[in-house]
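Asker: Sequence:
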Amino acid sequence: MRWGGRPGRGRALCELDVRAADAAGARAAGCGLAPVARQSPGRRLSHGTHVVGAAAPELGRPRGRRDHGEHGGEVPEVGEAAGGHAGHGTGLACCTPGGGIGAALLRGGAGTQAVAFLSQEEAQAVDEELFNEYQFSVDQLMELAGLSCATAIAKAYPPTSMSRSPPTVLVVCGPGNNGGDGLVCARHLKLFGYQPTIYYPKRPNKPLFTALVTQCQKMDIPFLGEMPPESMLIDELYELVVDAIFGFSFKGDVREPFRSILSVLNGLTVPIASIDIPSGWDVEKGNSGGIQPDLLISLTAPKKSATHFTGRYHYLGGRFVPPALEKKYQLNLPPYPDTECVYRLQ
Numbered sequence: 001m002r003w004g005g006r007p008g009r010g011r012a013l014c015e016l017d018v019r020a021a022d023a024a025g026a027r028a029a030g031c032g033l034a035p036v037a038r039q040s041p042g043r044r045l046s047h048g049t050h051v052v053g054a055a056a057p058e059l060g061r062p063r064g065r066r067d068h069g070e071h072g073g074e075v076p077e078v079g080e081a082a083g084g085h086a087g088h089g090t091g092l093a094c095c096t097p098g099g100g101i102g103a104a105l106l107r108g109g110a111g112t113q114a115v116a117f118l119s120q121e122e123a124q125a126v127d128e129e130l131f132n133e134y135q136f137s138v139d140q141l142m143e144l145a146g147l148s149c150a151t152a153i154a155k156a157y158p159p160t161s162m163s164r165s166p167p168t169v170l171v172v173c174g175p176g177n178n179g180g181d182g183l184v185c186a187r188h189l190k191l192f193g194y195q196p197t198i199y200y201p202k203r204p205n206k207p208l209f210t211a212l213v214t215q216c217q218k219m220d221i222p223f224l225g226e227m228p229p230e231s232m233l234i235d236e237l238y239e240l241v242v243d244a245i246f247g248f249s250f251k252g253d254v255r256e257p258f259r260s261i262l263s264v265l266n267g268l269t270v271p272i273a274s275i276d277i278p279s280g281w282d283v284e285k286g287n288s289g290g291i292q293p294d295l296l297i298s299l300t301a302p303k304k305s306a307t308h309f310t311g312r313y314h315y316l317g318g319r320f321v322p323p324a325l326e327k328k329y330q331l332n333l334p335p336y337p338d339t340e341c342v343y344r345l346q
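The opening residue of the sequence shown carries number 1 in this note's numbering; numbering runs sequentially from there.
Treat the hints loosely; a few may be bogus.
[To be verified] Pairwise CB distance ranges (calculated): (1) 323 <-> 253: 20 to 28 Å; (2) 235 <-> 256: 19 to 27 Å; (3) 223 <-> 133: 35 to 43 Å; (4) 267 <-> 324: 43 to 51 Å; (5) 328 <-> 225: 43 to 51 Å; (6) 257 <-> 323: 24 to 32 Å; (7) 259 <-> 285: 26 to 34 Å; (8) 134 <-> 263: 35 to 43 Å; (9) 191 <-> 128: 30 to 38 Å; (10) 328 <-> 226: 44 to 52 Å; (11) 253 <-> 223: 23 to 31 Å; (12) 135 <-> 235: 43 to 51 Å; (13) 235 <-> 134: 40 to 48 Å.
Simulated from the structure, these hints should not be mistaken for laboratory data.
Predicted model, so just to flag it, every value in this text is computed and none were measured.
Beta carbons are placed, not taken as given, at the ideal position from N, Cα and C, and that holds for glycine.
Please model the entire structure based on the sequences and the hints provided.
Answerer: Here is the structure:
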């Protein structure tokens with residue numbers, strides 16, 4: 001694994017123009033596109049960057065990653081639509097659809113700032129510092145990530161809004177740390193009133209992952225022996241699918257069994273919630289035949305591929321990044337409201 005991303009380089013940035021409600025309670029309206037008029041010092045915005053205006057309350061902030069060696073066949077370990085309505089006291093932001101540059105908006109006395117969209121190298125460098133400099137452990141960050149993902153899912157798809165009681169959720173886990181996040185997420189979803197089922201085809205022979213599996217089993221969360229072969233069958237059995245297959249360190253071609261799994265997921269009509277990166281996506285360039293999630297939960301900070309996300313819900317998750325690390329990498333993470341562990345960007 002190569003580390004050493006340089007802070008302040010290679011980020012996709014833009015600003016969102018916030019029009020707050022006036023004293024009479026009038027809601028700001030409109031979500032249009034206009035050319036960006038200025039650039040952040042020391043940064044060059046991509047050609048064709050746009051400002052996206054949106055009615056937005058406030059915004060939030062995330063967590064670190066630890067995905068190592070993600071490959072399809074070995075051991076590898078992407079909100080409401082623009083102009084939509086943000087619930088639970090969270091903020092609303094927009095990304096330009098279809099591959100435009102997007103960013104979350106910070107509101108405050110200093111005006112607007114853009115949340116950084118990280119390159120793969122930068123995301124790896126941030127993780128390296130979290131482990132080495134700040135002494136976070138993998139299981140510690142995994143627990144924070146999984147809880148954030150379950151919380152975002154509960155906000156986007158509350159149990160009371162689902163047709164079944166309890167709502168049925170299929171969690172598809174990959175062989176690395178993104179899969180570990182999925183296991184933790186499934187455990188918390190069970191506590192939140194959902195009925196998760198896990199498909200975990202390639203399990204690392206490591207104590208951490210063995211413990212996570214045991215915890216789920218002790219909570220009566222079933223594990224599938226094989227993936228349902230047809231999208232239609234998954235649509236009939238589950239109301240939501242959680243994509244916890246590949247994280248930001250994934251490179252190369254998707255291999256079996258995950259190539260077939262993604263093919264089945266591509267045909268679903270039920271919503272998909274992706275953890276950090278939609279599986280099958282290039283971490284920086286976005287979708288190249290991968291799945292199309294309805295919910296994306298970005299961890300630490302959004303990755304560049306998130307600028308291509310066109311689903312309804314985009315959340316940041318984590319709330320633990322040390323201020324000095326945030327400043328060093330110019331992450332511009334928005335403050336979470338109250339005691340929330342997730343922040344809605346879209």
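Asker: When the structure is checked against the list of hints, which entries are broken? Sort them ascending.
Answerer: 1, 6 and 7
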